[in-house]
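K.L.:
The residues making up each chain are set out below.
Number of protein chains: 2
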Amino acid sequence: MTISTPGVTLGVVGGGQLGRMLAEAAAPLGVDLVVTDPTEDPPAGPVASDALVGDFDEFSTIRAVAERADYLTFEIELTDPDALEQVAEETGVPVHPKPDTLRLIQDKLVQKRRLGDAGVPVPAFRQVDDEDDLLAAGEELGYPLMLKAREGGYDGRGNYPVESPDDVTDALDAIQGPAMAEEMIDFERELAVMGCLGADERDTFPVTETIHREEILRETVSPPRADEDVRERARSIALDVLDAMEGRGVYGIELFETSDGEILLNEIAPRPHNSGHWTIEGCHTSQFEQHVRAVTGRPLGTTERRGPTVSANVLGDVPDRQRATLSGEDAVFETPRAHLHWYGKREVYRLRKMGHVTLVGDGETMDELLADVRALRERLTFQSRSQ
Amino acid sequence: MTISTPGVTLGVVGGGQLGRMLAEAAAPLGVDLVVTDPTEDPPAGPVASDALVGDFDEFSTIRAVAERADYLTFEIELTDPDALEQVAEETGVPVHPKPDTLRLIQDKLVQKRRLGDAGVPVPAFRQVDDEDDLLAAGEELGYPLMLKAREGGYDGRGNYPVESPDDVTDALDAIQGPAMAEEMIDFERELAVMGCLGADERDTFPVTETIHREEILRETVSPPRADEDVRERARSIALDVLDAMEGRGVYGIELFETSDGEILLNEIAPRPHNSGHWTIEGCHTSQFEQHVRAVTGRPLGTTERRGPTVSANVLGDVPDRQRATLSGEDAVFETPRAHLHWYGKREVYRLRKMGHVTLVGDGETMDELLADVRALRERLTFQSRSQ
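Each protein sequence line maps, in turn, to chains G and W. Under the numbering used here, the letters of the first sequence match residues 1 to 387, in that order. Under the numbering used here, the letters of the second sequence match residues 1001 to 1387, in that order.
Fair warning: there could be bad hints in the mix.
Label pairs and their in silico Cβ distance ranges [stated by the list, open to error]: (1) Leu1351(W) with Ala199(G): 28 to 38 Å; (2) Asp1243(W) with Asp227(G): 51 to 61 Å; (3) Val110(G) with Gly1092(W): 55 to 65 Å; (4) Asp362(G) with Leu1351(W): 52 to 62 Å; (5) Glu40(G) with Glu1085(W): 28 to 38 Å; (6) Arg225(G) with Asp1186(W): 37 to 47 Å; (7) Asp362(G) with Pro1006(W): 26 to 36 Å; (8) Glu214(G) with Glu1085(W): 46 to 56 Å; (9) Glu215(G) with Pro1006(W): 27 to 37 Å; (10) Thr1039(W) with Ala199(G): 29 to 39 Å; (11) Glu1090(W) with Gln383(G): 49 to 59 Å; (12) Ala1244(W) with Arg225(G): 45 to 55 Å; (13) Asp1082(W) with Asp320(G): 47 to 57 Å.
Computed footprint of chain G on chain W; a stretch qualifies when at least three of its residues, placed anywhere within it, have a C-beta under 8 Å from a C-beta of chain G [what the hints assert, rightly or not]: (14) 1302–1311; (15) 1322–1333; (16) 1337–1346.
Hints listed in this document are in silico derivations from the structure and should not be mistaken for laboratory results. Beta carbons: idealized from backbone N, C-alpha and C, even for Gly.
Construct the complete structure from the given sequences, taking the supplied hints into account.
P.N.:
Here is the structure:
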């Protein structure tokens, strides 16, 4: 290949924080981004060459992006695989990961079935189309269980815990549509692996511990506080997952380490993932650079960890949607080896992902490093100081 | 302070590679860039919020940038300190570094005088306005000596070596204008220190060895292959230089280590500098992030080195100005811990700075690491493969 200017343009469906961090990573490689997002001035806007306005699944906008791009990818699963496929066919612009893989992942039931069939350990699950199915699932999987919308959920949206047969009606009302029931996992900890598929190579970033509350990622810890054997098995399962994926790019693979030491697949995201943000400072190649390399047909970079690294999400801590003004951030600027990543969102609401803080270690234990990044994150608030 | 979106906008006079790398570093901090550059589609364009077209010293463009900015800085010395000063006064937008410091640095004679007076060791020099002055300089400093244009030179332009009194006429013809003569330094190696001035703090990045050919920087080596004592003295002199500077920001401070172990100031650049590009991967805070922090009034980041790091400039290797197409870059992508930085220039000509390659060490000696990055750089060419 070669590099020139104007050179390779990467079209991205979605212009949120993932698009923004993709653009930050793409520029040094001579790759420009054109994104499409439903909102004007999306997070990726200031660092992308251009941001078109259009829904994630709108054929005409996806096509308009492709017409300006050499490669097409997406940073959100809510895009339409049919539209991606048709645009790729009509324009000849390759799309990665493959629309078929996106389809597979979009339907959580299909995802679990296919990966289970491929030998990947998954929690026990059952298709749920009506109350009878859910009651049968309760018999089979026991209570509590997790009812999940088959499509469209993220950050805990679309998940409903079912404690007993009494919850069945409420649960189905909440989910509204095709669903699946999954055994509730008694986990020791959650792990995540960023997998990478290149043109003819596959790799994984180092296994990472993820900590959720209210089903939203709060912190990552890498290396995880888990045995070497657990990490090895997690990596091996991630490689098996990659074998079931089609198309170049990075994949966020979320896992449970159960209390009896089993590793089970939780979910897959066919894109850069919150659990891999620590790689920006923590690895020689970030997940964003890796995705740009992979999708544009470049060789993958090393996934070697540079050093122990933790991250903490900066989430909205105000009850109502309002203009976002973060204060306390000088605490981050004043801390050596702490890095602030602001996502460029104009408005904040409760638990909205507004940014993250990464802290690179310098001899601390992982417990200490996690406590340090949490303490830093606690200094940050969107609440008015006078409140 | 706080962070919001839209938030702090940094206006930058100049939209070249330094502006581009400033924009890459500014985005995670929630800082947008608006640049001004004489060319349409300058290197910083794709990652800046906006790029205005105008000469570096054009009052109206500088004013237009300031009107959209909260802070004003420059990434090229060719801007006009009077214009900066007037714009700052009229708009109330602070400019850093201070126009007075830019004036001081723009005139190499004034720079050397002021710093010499401040106790910074400088090479012997003499003002040269005519042939008599230059001949007198030859008597005083010996031959060969270096004749330097007092203003406007960079990357060796504006420097003329004078071997004997026979060269005097040619040298003055070449320089055309106010000049200074400087003793030719017999140096063991060249060193550079990126200094940083914050609101009420000063610091330096680790001392770096710089290797020039044809007066153009080719490689950097950090840590330098010099004694600890030499590094300590270089850092100490850099701190003295900073004391003579006014205004926040990073400063590139170029030094000679003479063959008898003396450290002498060569030149200062009041901006991020080629000798500091290695800090992007080599330090926890890059010189670009540091400059954004300093100019926008944030605390400085740690200047700690993460690991041994070398860089090699990718220079134009074609005789004539032409469309730039770099090949061989997959060698960089395939090398672990190697990082390509493409500057986004459309055209290449001989010795034009088109990008750089950084290589982070993994146990090699600095000699080996330097050889490795040179070998990688040798794989890169703008020459057509069929030539």
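K.L.:
If a hint holds in the structure, say so; if it doesn't, say that too.
P.N.:
Comparing the hints with the structure gives:
1. Between Leu1351(W) and Ala199(G), the C-beta spacing of about 34 Å keeps the proposed range 28 to 38 Å intact.
2. Distance hint for Asp1243(W) and Asp227(G): a CB-CB separation of about 54 Å, consistent with the stated range 51 to 61 Å.
3. For Val110(G) and Gly1092(W), the hinted distance range of 55 to 65 Å is satisfied, since their beta carbons lie about 60 Å from each other.
4. At about 40 Å, the CB distance of Asp362(G) to Leu1351(W) disagrees with the hint of 52 to 62 Å.
5. Under the hint 28 to 38 Å, the C-beta atoms of Glu40(G) and Glu1085(W), about 37 Å apart, fit the expected range.
6. Separated by about 57 Å at the C-beta atoms, Arg225(G) and Asp1186(W) break the suggested range of 37 to 47 Å.
7. Between Asp362(G) and Pro1006(W) the beta carbons are some 35 Å apart, a value that agrees with the proposed interval 26 to 36 Å.
8. The supplied range of 46 to 56 Å is met by Glu214(G) and Glu1085(W), whose beta-carbon atoms lie about 53 Å from each other.
9. Remark: the range hint 27 to 37 Å for Glu215(G) to Pro1006(W) is upheld by a beta-carbon distance near 31 Å.
10. Remark: the range hint 29 to 39 Å for Thr1039(W) to Ala199(G) is upheld by a beta-carbon distance near 35 Å.
11. The given range of 49 to 59 Å is broken by Glu1090(W) and Gln383(G), whose C-beta atoms sit roughly 37 Å from each other.
12. Between Ala1244(W) and Arg225(G) the beta carbons are some 50 Å apart, a value that agrees with the proposed interval 45 to 55 Å.
13. Distance hint for Asp1082(W) and Asp320(G): a CB-CB separation of about 50 Å, consistent with the stated range 47 to 57 Å.
14. For the region 1302–1311 of chain W, the stated coverage by chain G is satisfied: 4 residues place a CB nearer than 8 Å to a CB of that chain, which reaches the threshold of 3.
15. Restraint check on the region 1322–1333 of chain W versus chain G: 8 residues with Cβ-Cβ distances below 8 Å, three needed, restraint holds.
16. With 8 residues carrying a beta carbon less than 8 Å from a beta carbon of chain G, the region 1337–1346 of chain W meets the three-residue requirement, and the given coverage holds.
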